[in-house]
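Asker: Chains as they are written, first to last, in my numbering: chain A, 1 to 369; chain B, 370 to 609.
If you are wondering where the hints come from, they were derived from the structure by calculation, not from laboratory data. We put the beta carbon where it would ideally sit given N, CA and C, even for glycine. You may find that some hints are simply not true.
[Stated by the list, open to error] Here are the simulated distance ranges between beta carbons: (1) A/353 - B/440: 24 to 32 Å; (2) B/536 - A/31: 53 to 61 Å; (3) A/289 - B/547: 49 to 57 Å; (4) A/215 - B/428: 23 to 31 Å.
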Amino acid sequence: MRTIAVVRRIFQQMLRDKRTLALMFVAPLLILTLFHFLFTSNTAENPKLGVANADDALVKQLKDKDITVITYERVGNAKKTIVDDQLDGFMQIKGEGIQLTFENSDPSKTKALQIKIQQVIAAQSAKKQASIMKEWIQHLQKTLNAPKIKMEQVSSPKMHIAYVYGNKDTSFFDVLSPVLVGFFVFFFVFLISGIALLRERTTGTLERLMATPIRRSDIVFGYLLGYGLFAVIQTVIVVFFAVKVLDIMLVGSLWHVIIINLLLALVALSLGILLSAFANSEFQMMQFIPIVIIPQVFFAGILPVEGMANWLQMIAKAMPMYYGGDALKSVMYKGVGLGDIRMDLFVLFGFALLFITLNVFALKKYRKI
Amino acid sequence: MGSIIVAKRVSKSFGKKEVLSNINLTVKEGEIYGLIGPSGSGKTTLVKILVGMDSDFQGEVEVLGAAMPNMNVLSKIGYMAQSDALYPELTGEENLQFFASLYKLKKEERKQRIAYAADLVKLTPHLSKKVMAYSGGMKRRLSLAIALIHNPQILVLDEPTVGIDPELRLSIWHELSRLKNEGKTIVVTTHVMDEAEKCDRLAMVRDGKIITGGSPSELKNQYAVNHLEEVFVKAGGKNI
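Next comes chain A alone, as it looks inside the complex:
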């Protein structure tokens, strides 16, 4: 079997090339780990708020909200004070009004601080309202000389929160990680298989093979199988590492995750081999990364595709990673079964089939059979 001969040769070559092996097996783990810590170990400092003319009750409540409060006797320029004292915001009480100034170099931090302050002020005024009410009723009772009634304290209702997917500890990384796992498999398989066949072209061995009785399909399937087996190993390592070591949320079945990733790897493999036909050097192969690979990230589900403009959604639907990302998110985060992601799987399989067929045709420029 000539396909097997190609597969065996690819194995020999890969096992010799320790760096490529490391890139394929270790690099995704490294990046995934880094991402994991970037998104989960959120040791954000308490925001620092400068306060002027506020009463002690308000300051205490702000402190209860995990805000570091620094009281000022008087302020000249709020903006200057923020910059000089490295504050995140400054609050001045001016009679009935409140003047808030934010540093705002990180808008998300500003939003969070603003919400906290608003909550405190709302609670404060509700309390004030309640005490005014109480005084007024007491006064009324006194003047009417009516029997004293006991005022019931209104306690705020206790909230019970439930989630369809995830739980209260779910972080953005839990939503992001399924996509990342799929993307790394896609990216590294694409790169390595593409460059491998490219080298076969540039060194002339591919042309040389055409002087032997090997079929074009033998070469394509040899490559698919040879690099496919490495892709399988890579996929299993990445998925197990993500789930068992990084403890990424996995609600659905581990095997389904592996199946999806294998399909993604197959698409990446056939696409990489195909695109190598249009590159004359490794450098030109790299040029496909911004054109073909990076856009896949945008549409893989990290940004919600449903909210995009129609024409952008059309583009999304032409991207293999869109289906891969959706399937992975559905299984890992939402925990659905194969039945619910079969459309995604079918489309991915269709992509692979299309690319494989195109590959056999692309080799036609070398030989007709």
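Using the hints provided, position chain B relative to the given structure of chain A.
Answerer: Same frame as chain A, but now just chain B:
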């Protein structure tokens, strides 16, 4: 003696540039056929068409009576490319094994052929080295060994002796005439005139055309000169 390779009215262009124009040639069974010409004359392009690696041309090529490319015929051709198409990460032996496994050879026969081919080109002690550590000459020799690996009926060798030391060159030519005596047909390209003397018949190629052809002695008689080089100059019609 039957005709092994027949090319009729073969022309090929890369874009607007015509690299081969109206080539007719016949290679007979059991002869060494030389394609002589300077680099850039179109020899390699012609050879690639003959072995079926390039099917984008006008005209007809038949090898062993079949139009190329033909899988059955391909397994009877041993081809040595002008540029060494080898896998540098693999050892010499692994390269030989890979190419051997593309042909239908029994395991025992494969082993024998690998040993024979390696010995012929004096590479046996270097078989376990990676090809990336080979010298230029060693790579040429390995390419030649690969061309011989499946005991082909037809050998097509594109500049087989470039970068090979004189002693080994002689032994390779010696081996080629031995193979010829076994009944194999050999097509060789070269730009070295003293190698051309060793061919049974020659075609002189210049600018994509065959300017003249025949056996070395015929050619020298026809042009009344002592050296093939002069034949080339006279036939090319260029004055020095």
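Asker: Quick one: which hint numbers does this structure break? Sort them smallest to largest.
Answerer: none
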